[in-house]
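Asker: So the chains spell out like this:
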Amino acid sequence: MKSYRKELWFNTNSRREFINITPEVEECLRESGIQEGLLLCNAMHITASVFINDDEPGLHRDFERFLEKLAPEKPYSQYDHNGYEDNADAHLKRTIMGREVVVAVSGGKLDLGPWEQIFYGEFDGKRRKRVLVKIIGQ
Amino acid sequence: MKSYRKELWFNTNSRREFINITPEVEECLRESGIQEGLLLCNAMHITASVFINDDEPGLHRDFERFLEKLAPEKPYSQYDHNGYEDNADAHLKRTIMGREVVVAVSGGKLDLGPWEQIFYGEFDGKRRKRVLVKIIGQ
Amino acid sequence: MKSYRKELWFNTNSRREFINITPEVEECLRESGIQEGLLLCNAMHITASVFINDDEPGLHRDFERFLEKLAPEKPYSQYDHNGYEDNADAHLKRTIMGREVVVAVSGGKLDLGPWEQIFYGEFDGKRRKRVLVKIIGQ
Chain A
10 MKSYRKELWF
20 NTNSRREFIN
30 ITPEVEECLR
40 ESGIQEGLLL
50 CNAMHITASV
60 FINDDEPGLH
70 RDFERFLEKL
80 APEKPYSQYD
90 HNGYEDNADA
100 HLKRTIMGRE
110 VVVAVSGGKL
120 DLGPWEQIFY
130 GEFDGKRRKR
140 VLVKIIGQ
Chain B
10 MKSYRKELWF
20 NTNSRREFIN
30 ITPEVEECLR
40 ESGIQEGLLL
50 CNAMHITASV
60 FINDDEPGLH
70 RDFERFLEKL
80 APEKPYSQYD
90 HNGYEDNADA
100 HLKRTIMGRE
110 VVVAVSGGKL
120 DLGPWEQIFY
130 GEFDGKRRKR
140 VLVKIIGQ
Chain C
10 MKSYRKELWF
20 NTNSRREFIN
30 ITPEVEECLR
40 ESGIQEGLLL
50 CNAMHITASV
60 FINDDEPGLH
70 RDFERFLEKL
80 APEKPYSQYD
90 HNGYEDNADA
100 HLKRTIMGRE
110 VVVAVSGGKL
120 DLGPWEQIFY
130 GEFDGKRRKR
140 VLVKIIGQ
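Chains as they are written, first to last, in my numbering: chain A, 10 to 147; chain B, 10 to 147; chain C, 10 to 147.
By construction, these hints were calculated from the structure, which means they are not laboratory data.
Careful: at least some of the hints might be erroneous.
As the list makes no split between identical chains, a pair holds if one copy fits it or if it spans any two.
Stated by the list, open to error - Straight-line alpha carbon distances no greater than 25 angstroms define the calculated DSS-like cross-link-like pairs of lysine-lysine that follow:
| id | residue 1 | residue 2 |
| --- | --- | --- |
| 1 | K15 | K78 |
| 2 | K118 | K15 |
| 3 | K78 | K118 |
| 4 | K83 | K138 |
| 5 | K135 | K78 |
| 6 | K118 | K11 |
| 7 | K138 | K15 |
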């Protein structure tokens, strides 16, 4: 069994942002040389997400409105977590979007459907944060 | 290490539908001959879900109402994604339900709790769509 | 390839409760002797969750309010599932929080970010329920 590990770093300009990280994850898989296995890609921070969906800007605006409806950022005082912080909404938004994806590796490629793209979802940005890529297989 | 891959195809009669796919996934595991490992089962489409819950029709109607409350299908014009499409709500609903499940394989069986059943959740149906089953182990 | 399996049992005093299970999961990893691999930790019950977030009591109260807003426990009669049961809301809450986490194992340790802690989320407690830990690797 082979294993591979890499951290990817991100620093967004805005509080919330979606970044298509499929090319970086594919590069990890190439580096690993693994042909058959499973790839885990997870946010290492609890106010960020890794998820799979469509790379379509209109949909991303829909996600923003959807998440603001379910877990609004403001008023900050509505959340008990916001004593010394202001990011309680980011913890809730990331919960809806998910922490991680597990992707099959087949024939040395990410085994994704036709429209599946891997995204980093930032909900409390403007600082350096990490994503972990771990691959096991042969 | 052994690995196994299979696609399962579905074509629902209605826009939204839940299908218990546990028997098909068990059949994949038998075919693989893997005794100990991890099984990934994921939707390959971004308007569908694979999730684990109870096979109880009342609960499935509750899920339908819950998802329609959080991400209503209509009016279509409420979503930016719906310029050429009408399925933005399906992307959001699938996000709540999840893309994938990872199930332990122990003693050649799916290592599920007493009521755990694996479902394909369709949110934009009436066309052929795929689920991927990938198993690694020994 | 090595594999390891253990069930962790919980019995909460209240209907809903979050328990930090990171130490128990770390102990499983030590017992397994696995240095590089993937660890799956999942609820075996469909009204409970395993998720990763912050061990901060204010945030946990925020989660409780958030979940009660999205899928309120009462009135019980609002859910079709509640013919003979009263736990439909628990199925929905667990869906939002997620069934499972997959964590990388690197250098014999859980490969978690600085604030990542693993929680058991109970939504229909006061009875014995199980979590599965499965690890594969070498």
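Asker: Taking the hints in turn, state whether each one holds.
Answerer: Hint-by-hint comparison with the structure:
In this assembly of identical chains, K15 and K78 lie within 25 angstroms of each other by CA distance neither inside one copy nor across copies; the values are 35 angstroms within and 38 angstroms between. Within a single copy, K118 and K15 get their C-alpha atoms as close as 17 angstroms, and across copies as close as 15 angstroms, so both meet the 25 angstroms cut-off. When the C-alpha separation of K78 and K118 is checked against a cutoff of 25 angstroms, the pair qualifies neither within a copy, at 37 angstroms, nor between copies, at 38 angstroms. For a Cα distance limit of 25 angstroms, the shortest separation of K83 from K138 inside one copy, 23 angstroms, qualifies, whereas the shortest one across copies, 37 angstroms, does not.
In this homomeric assembly, K135 and K78 come within 25 angstroms of each other (Cα to Cα) only inside a single copy, at 23 angstroms, whereas the closest approach across copies is 30 angstroms. For a Cα distance limit of 25 angstroms, the shortest separation of K118 from K11 qualifies both inside one copy, at 15 angstroms, and across copies, at 17 angstroms. For the identical chains of this complex, K138 and K15 are intra-copy neighbours only, at 14 angstroms inside a copy versus 33 angstroms across copies, given an alpha-carbon limit of 25 angstroms.
The structure shown violates the earlier hints numbered 1, 3.
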